[in-house]
Amino acid sequence: MATLVIQLARFGDIYQTLPTLKALRRTQPDGEIHLLVRERFAEAAEDVARDLDVHLHKFPTAKILKPIFIDKGESEALAELEAFLKPLKDRRFERVINLSFSPFSSYLTQELDSGEAEIRGYTRFDDGYLAIPDDPSAYFYAQVGIGKPNRFHLTSIFASVAGVDLEPGDWRFQEAFEKTDSVIVHLGASQAAKTYPGELWVTVLRDLHEKFSGRVILVGNTAEIGLATSVMNGLGDAERVENRVGRSSLADLWRWIAESRLVIGADSSPMQIASLTGTPVLNLSCASVSFWETGPLVNGSRVLVAAEMDQIPPARITEEAIAMLEGRGPEGECVIRARDEFCWHGRSESPFLWQLVKALYTESDFPSWPNSTPATGFQRLFEVAELALLQLEQWRKSGPTPTITSILASVDDILVKLRELDEYSAPVIDWFQCQRLRMGPAPIEKTLEATYDLFEQLRTIAQVYYRPELKVLLGLTRSVAAKLREFDIESASADIEILLNSTKVENSPWASVLTSLKAALERKDFIEAADILEYDFPEQLHGGSMTISCESELVANHSASDT
Amino acid sequence: MSEEEKLKAALARLEHSIRKVIETRGYSRETRALKLLSELIQEQLTNGHTRHSTRSIR
Chain A
1 MATLVIQLAR
11 FGDIYQTLPT
21 LKALRRTQPD
31 GEIHLLVRER
41 FAEAAEDVAR
51 DLDVHLHKFP
61 TAKILKPIFI
71 DKGESEALAE
81 LEAFLKPLKD
91 RRFERVINLS
101 FSPFSSYLTQ
111 ELDSGEAEIR
121 GYTRFDDGYL
131 AIPDDPSAYF
141 YAQVGIGKPN
151 RFHLTSIFAS
161 VAGVDLEPGD
171 WRFQEAFEKT
181 DSVIVHLGAS
191 QAAKTYPGEL
201 WVTVLRDLHE
211 KFSGRVILVG
221 NTAEIGLATS
231 VMNGLGDAER
241 VENRVGRSSL
251 ADLWRWIAES
261 RLVIGADSSP
271 MQIASLTGTP
281 VLNLSCASVS
291 FWETGPLVNG
301 SRVLVAAEMD
311 QIPPARITEE
321 AIAMLEGRGP
331 EGECVIRARD
341 EFCWHGRSES
351 PFLWQLVKAL
361 YTESDFPSWP
371 NSTPATGFQR
381 LFEVAELALL
391 QLEQWRKSGP
401 TPTITSILAS
411 VDDILVKLRE
421 LDEYSAPVID
431 WFQCQRLRMG
441 PAPIEKTLEA
451 TYDLFEQLRT
461 IAQVYYRPEL
471 KVLLGLTRSV
481 AAKLREFDIE
491 SASADIEILL
501 NSTKVENSPW
511 ASVLTSLKAA
521 LERKDFIEAA
531 DILEYDFPEQ
541 LHGGSMTISC
551 ESELVANHSA
561 SDT
Chain B
564 MSEEEKLKAA
574 LARLEHSIRK
584 VIETRGYSRE
594 TRALKLLSEL
604 IQEQLTNGHT
614 RHSTRSIR
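Protein chains in written order, with my numbering: chain A, 1 to 563; chain B, 564 to 621.
The following block holds chain A by itself, in its conformation from the complex (with noise of 0.2 Å):
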């Protein structure tokens, strides 16, 4: 078999490719492998490739854009980018694996479809509409990105959308060197918000310097030579600190972050080097990136974070770093790469969203709701999910009306609205317009009918966290309180009974709300049950901790109550 792994973005996001490449020569050792790479960043693909007999391609960006350039016009350019394509569409892949995740790389994935090809990855539909064939590349549209739940690694998804399963093995690229006693820093990185500031870095150095024994390398690309000159001339006399910014391959560069015993800098090549070379790293994150998807790989590493680069204070990053170097525990809040996963340390954090977006894509379950608040946006997309139900079993009978388009339409504004307001539902609509955008073109009975199958499917999900009985509960809730603050007992006592037999205890904090509740009957303290009726039910109702029985009975009885 033949297969094309394309691969457009910086030296970064290949690197992060290297082990899917290796898994992929190991499950097919007699296979054709080909990789599609940028002409500028194919350096990081080279020495790989070589040793996994995988044919490297170098997309010429500047060679087809200079007919553009030299007024010759877009003819010519169009004529180069043919002439580029052409050996690689005669090639025929079976089998062309996209792992770019953007629009030009969608196009140019189409293109090299020889229309037998199995296509993952990004891809164009006949008609020019985005296609996404395979599910991992499917949850990358979705969850994946700044801002985002997701919490797997880049070089993971990649694999999926590969489909292959890494092995330790895959991750083996560099002979086993011998350690020296230094320490690996990288000042840049390809953004200004990802990079530490120059005066912030002398006084990291200036402290490591006294602390630590060994040498300090600094490392980078041309590009931050001036960087570097700054912080060296800041620094003044510290002789075991060596600027070699600027004056390294990528081969020296892989030898020297192999060679050494810790790597500090932010979301930059280096670091992905580190996670190849089985180097521990201290990273530097902030909001512009996300160490869940890009962090360091190697057990031990850790990562400060903060909104933005600045915020982390210098000491912070000396401390920490002296504490990896002597094999310490933290010294403060970080996140710690530990048995190949990352977790936090000095800080808790609710991992609903995450648990929510695995229940989605795995068959992990659903999360407790986390907290006492009502599921408000599940609610609303229970409502708007049964509104779109009814149009389409409209549609079904009669055809489309103008007024069945019209109120889907506000059924897809709705969930644009309700994405931007409620975070917790934005994984579930995410998902949902993911799985829309997948359907692509077909006739128009089959559009209907997947559209009500994915419509049932969200109506489904939203119910996992808003039941109607809840509700109906609730408004039988706050109607037997107000009885009894009008000391109606002889009407409130049905309603009582009818509340106690529709829930079922589950763990303590319930089970002292129900105690109490009985306790203020027993005392005929009415005003006090109707307050733990009115404040302390619904909290526990919200929060999970009591569970609904008989709830569609419940529903049938007393649906008149929910008003």
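Be aware that one or more of the hints could be misleading.
No more than 30 Å apart at the CA atoms, straight line, and that leaves these computed lysine-lysine pairs for DSBU-like [stated by the list, open to error]:
{"no.": "1", "chain 1": "B", "residue 1": "569", "chain 2": "A", "residue 2": "72"}
{"no.": "2", "chain 1": "A", "residue 1": "58", "chain 2": "A", "residue 2": "86"}
{"no.": "3", "chain 1": "A", "residue 1": "397", "chain 2": "B", "residue 2": "571"}
{"no.": "4", "chain 1": "B", "residue 1": "571", "chain 2": "A", "residue 2": "58"}
{"no.": "5", "chain 1": "A", "residue 1": "66", "chain 2": "B", "residue 2": "583"}
{"no.": "6", "chain 1": "A", "residue 1": "66", "chain 2": "A", "residue 2": "86"}
{"no.": "7", "chain 1": "A", "residue 1": "179", "chain 2": "A", "residue 2": "194"}
{"no.": "8", "chain 1": "A", "residue 1": "518", "chain 2": "A", "residue 2": "471"}
{"no.": "9", "chain 1": "A", "residue 1": "63", "chain 2": "B", "residue 2": "583"}
{"no.": "10", "chain 1": "B", "residue 1": "583", "chain 2": "A", "residue 2": "72"}
{"no.": "11", "chain 1": "B", "residue 1": "571", "chain 2": "A", "residue 2": "194"}
{"no.": "12", "chain 1": "B", "residue 1": "569", "chain 2": "A", "residue 2": "86"}
{"no.": "13", "chain 1": "A", "residue 1": "89", "chain 2": "A", "residue 2": "63"}
{"no.": "14", "chain 1": "B", "residue 1": "569", "chain 2": "A", "residue 2": "58"}
{"no.": "15", "chain 1": "B", "residue 1": "571", "chain 2": "A", "residue 2": "63"}
{"no.": "16", "chain 1": "A", "residue 1": "471", "chain 2": "A", "residue 2": "483"}
Chain B stretches covered by chain A per the calculated footprint, using a threshold of three residues with CB under 8 Å from any CB of chain A [as the list claims (entries may be wrong)]:
{"no.": "17", "segment": "565–578"}
{"no.": "18", "segment": "595–606"}
Calculated directly from the structure, the hints in this document are not laboratory data.
Please read all numbers here as calculations on a predicted model, not as lab measurements.
Backbone N, C-alpha and C fix where the C-beta goes; we use that ideal spot for every residue, glycine too.
Let chain A serve as the given structure and place chain B on it in line with the hints.
Same frame as chain A, now just chain B:
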């Protein structure tokens, strides 16, 4: 004219051509080639000297 301006002008011409081709012949092989080049140019303009990750374009 700077390189960026030349790219912007080329992109405008390509997008005009794409609209015309889609109007007359629908999304065809010809459209695909034009779209491919226009997206390549768009990427260059968005990423400006490719100092930003292409992954930000989703």
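Here is how each hint holds up against the structure:
1. Proximity of residue 569 of chain B to residue 72 of chain A is assessed by CA-CA distance (about 11 Å); at most 30 Å being required, the pair is judged to hold.
2. Using a Cα cut-off of 30 Å, the hinted pair residue 58 of chain A and residue 86 of chain A holds, with the two alpha carbons roughly 14 Å apart.
3. Of the pairs offered as hints, the one joining residue 397 of chain A and residue 571 of chain B is violated, with about 50 Å between alpha carbons and a cut-off of 30 Å exceeded.
4. A C-alpha spacing of about 25 Å is found between residue 571 of chain B and residue 58 of chain A, which places the hinted pair at or below 30 Å, so the restraint holds.
5. For the proposed pair residue 66 of chain A and residue 583 of chain B, the alpha carbon gap of about 25 Å is at most 30 Å, so the pair holds.
6. Distance restraint check for residue 66 of chain A and residue 86 of chain A: the Cα-Cα separation of roughly 19 Å lies within the 30 Å cut-off, and the hinted pair is therefore satisfied.
7. The hinted pair formed by residue 179 of chain A and residue 194 of chain A meets the criterion: a straight-line CA distance of about 28 Å does not exceed 30 Å.
8. As the CA atoms of residue 518 of chain A and residue 471 of chain A are separated by approximately 23 Å, the hinted pair is consistent with the 30 Å bound.
9. Restraint check for residue 63 of chain A and residue 583 of chain B: the C-alpha separation of about 27 Å stays at or below 30 Å, so the hint holds.
10. This hinted pair checks out: residue 583 of chain B and residue 72 of chain A have alpha carbons roughly 22 Å apart, not beyond 30 Å.
11. Our distance criterion of 30 Å between C-alpha atoms is met by residue 571 of chain B and residue 194 of chain A, whose separation comes to about 28 Å.
12. The suggested pairing of residue 569 of chain B with residue 86 of chain A holds, with an alpha-carbon distance near 26 Å, which does not exceed 30 Å.
13. Proposed proximity of residue 89 of chain A and residue 63 of chain A is supported: the alpha carbons are some 19 Å apart, at most 30 Å.
14. With a C-alpha separation of about 24 Å, the suggested pair residue 569 of chain B and residue 58 of chain A falls inside the 30 Å cut-off, and the hint holds.
15. For the hint pairing residue 571 of chain B with residue 63 of chain A, the CA-to-CA distance comes to about 18 Å; that is within 30 Å, so the pair holds.
16. The hinted pair formed by residue 471 of chain A and residue 483 of chain A meets the criterion: a straight-line CA distance of about 19 Å does not exceed 30 Å.
17. Three residues within the 8 Å Cβ limit are the bar, and the segment 565–578 of chain B against chain A gives 6, so the coverage statement holds.
18. With 11 residues bearing a CB less than 8 Å from a CB of chain A, the segment 595–606 of chain B meets the requirement of three and the coverage assertion stands.
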